[in-house]
Amino acid sequence: MYLAFFLLLSGSSINTIVAQEIDFGDFSSRYTTISPVLIQPNLDFGTIAQNQGVKEIDINEAAVIELEGIKYLDVLIDIELLAPFDTDGCSNANCTLPFTLKGAYSNFGEDSEVSALNNTRYIGETTIDFSQQTGVISTQFPILSRTSGPPGPPPNPVYKGYNLEAQKESAYLFIYGSINASGQISGSYSADIQVTIYYD
1 MYLAFFLLLS GSSINTIVAQ EIDFGDFSSR YTTISPVLIQ PNLDFGTIAQ NQGVKEIDIN
61 EAAVIELEGI KYLDVLIDIE LLAPFDTDGC SNANCTLPFT LKGAYSNFGE DSEVSALNNT
121 RYIGETTIDF SQQTGVISTQ FPILSRTSGP PGPPPNPVYK GYNLEAQKES AYLFIYGSIN
181 ASGQISGSYS ADIQVTIYYD
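With the first letter of the sequence shown counted as 1, position 112 gets the number 112 in our numbering; the numbers rise by one all the way through.
Quick caveat, the hints were computed from the structure, so don't treat them as lab data.
It cannot be assumed that every hint is accurate.
Distance windows between CB atoms, simulated [claimed, not checked]: (1) T196 to Q132: 37 to 45 Å; (2) D78 to T147: 21 to 29 Å; (3) D78 to K55: 20 to 28 Å.
Don't be surprised by glycine CBs; every beta carbon is placed ideally from N, CA and C.
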């Protein structure tokens, strides 16, 4: 059994003009690129015996996405299982495996997914089965975690010669979970996970 992993990216930019007000949350189209790297794109549960029970892929074996973006901007992330974990042509519960989708992220400036594993924040989980056909977990966080205390000054505006590359940092997204084999028919089971990422 395997879980295929797909990635959907979108950028957003909203500009509003208001007299005598500066909205530091607005940003130019130069910021709208978030560069994802699929470090480990699949959740593979391997061969599972009928009635085996729960099989877990923990965070150490998770599907991993590295997000490179502007360090002081927030990203909004939706992780969604689009359909039940089932066999081709499935139309009832005996060919659908209950799947618990979990997510975590790390945004502390680590240089690899291995070091990022030591400092993760749990996003949440949702369980999908024959009666609950889809599920989503969502979060919002800055590419680079902010320090404690009051907020700092607003970032410098982009100007000619401004080095935007120096403002980039990486965060890591971990997707993992468990399935429950309890009497379903034999076969190859799969599902697709869609990840939507965009700047706030």
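A quick look at each hint next to the structure:
Under the hint 37 to 45 Å, the C-beta atoms of T196 and Q132, about 20 Å apart, miss the expected range. For the hinted restraint 21 to 29 Å between D78 and T147, the CB-CB distance of approximately 27 Å keeps it satisfied. Taking 20 to 28 Å as the suggested C-beta distance range, the pair D78 and K55 conforms, at roughly 25 Å.
Checked against the numbered hints above, the structure breaks only hint 1 and satisfies the rest.
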